[in-house]
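Generate coordinates for the entire structure from the input sequences, incorporating the hints supplied.
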Amino acid sequence: MISLRHVRKVFPLKNEEFVALGDVSLEIRDNEFVTVVGPSGCGKTTLMNILAGLETPTSGQALVDGAPVRGPGPDRGVIFQQYALFPWLTVRKNVEFGLREKGVPSAERKRIADHFIELVGLERFADALPKTLSGGMKQRVAIARAYAVNPSILLMDEPFGAVDALTRVRLQEQLLDTWDQEKRTVLFITHDVDEAVFLANRVIVMAARPGRIAEIVDVALPYPRTEEVRLSPEFAALRNRVWSAVHHQESLA
Amino acid sequence: MAVPKSALNLVSVLAGLGVWWALSVSGLDIPSPPVVLRRAIDLIGDGTLGGDVVASLRRVLAGFLLGVVAAVPVGFLMGWYPPVRALIEPWIQFFRTIPPLALIPLAIVLMGIEETPKIFVIFLASFLSCVIATLQGVVNVDRTLINAARVLGAKDHTIFARVVIPASSPFILVGMRIGLGSSWATLVAAELIAAQQGLGYRMQSAQLYYDLPTIFVGLISIGVLGLLMDRLLLICERRLTSWQETR
Ligand SMILES: Nc1ncnc2c1ncn2[C@@H]1O[C@H](COP(=O)(O)OP(=O)(O)O)[C@@H](O)[C@H]1O
Ligand SMILES: [Mg+2]
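Protein chains in written order, with the working numbering: chain A, 23 to 275; chain B, 751 to 997.
Hints listed in this document are in silico derivations from the structure and should not be mistaken for laboratory results. Quick caveat: nothing in here was measured; it's all calculated off a predicted structure. Be a bit skeptical, because a hint or two may be false.
Stated by the list, open to error - With a straight-line cut-off of 20 Å between C-alpha atoms, the simulated EDC-like cross-links for lysine to aspartate or glutamate are: (1) B:K905 - B:D892; (2) B:K905 - A:D97; (3) A:K153 - B:D792.
Spelled out as structure tokens, the structure:
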């Protein structure tokens, strides 16, 4: 379980302070799929970095399973917006990276890597270098790499932001498929309202200046989320609600 | 219609030789290509050129390799630890502004007239260009890649070995090529120091007798050897950094 308690993050600027996160409190249950949506600059990435242990909150606490987050750890997998694959390693070596750090022996590493490469449908590219892959394929490698170390939590920062609309829909379905087979707690950041609703158990709508939670929308749609779900009136109603929460925010500043 | 690049290269080389030849017969006081070729054959025949090439190559390689071996760790330390950089950088910038030739009197006084001062000035030239490149490489390592390694459980020393070193290798290899260039450039100056043998020495002694063909042989040898070594490094560079996205 993830809990954020009165998390505040202030970045010092030249002669003032910038409040990236005001006072954010949030609980995420195990195996829940939560999406975070909000205008750019509202502190989504900062929130994720705090949970990942890459940033520390100015005040307040980030807890994972009751223990305060102190730095990154293999219990939390992170998928960055810019793929962040190691360009000098093949797809398989990228996926094996975290396993090597864990000291998993090489035969076992290969077996695990192959399993996750297959899960994201890239077995034909296992020995290819990242530069030969498309954006969508790179993001799938990043997903496989994060999954391979078997984290109980996945933190994803606008992972599909840079791929075209059609590929994006396929990647969303594939991600849910993967999540269905290998359940994890997922915190998924996006600025796409449709994507937020389609994937989530719960949508967290954030607002900017200062970064804060504006609204939380429960998505009581059944999984698997098929095209039928995507085109249903229930989906449309939820999407409209999230849309107005994102686009009609009053500013506190 | 596209003419192959290598054909154009060849045309250019032949045209250059032609211009040289034309200038030499038009009364300009330089030896013609056949004269230089004959001198080269003589110098190869009596073993002079071979001996000079070996002597020069040994100095260039020793100075260059020592420079690289010292520059890479220093560059890494400077890039990784800002205080180290702040301590070392003023000296590097200072010595970079001094032409290696200007250090030769000092090197002779301090190190005598044996191989040491010659290799030292070449070492310095190679070290300075390579250390800057390595520093640039480390400073330019993508933060996201380091974060990606950290969230996958990597500790500082593995981040260094498995992320920082490979990520900065393209810069280091470029630095090595620049360093090799400066090593060659420094060679002739280094061989001013009472050398008995070497391409630079041979050219300087030829200068005393207005022996232009020998000077030409020396110049061409330095050029060809430098080019060959540069190509060799370029091939290594292509091999080792073929993972880069093409820009
Ligand atoms: N290291 C930093 N120093 C100063 N300001 C920062 C830093 N990181 C983020 N910010 C600022 O905090 C705000 C929130 O950033 P971010 O969390 O990246 O937003 P989002 O991901 O929602 O677009 C932005 O206005 C950004 O400029
Ligand atoms: Mg962001």
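Can you give the numbers of the hints that this structure goes against, from lowest to highest? 3
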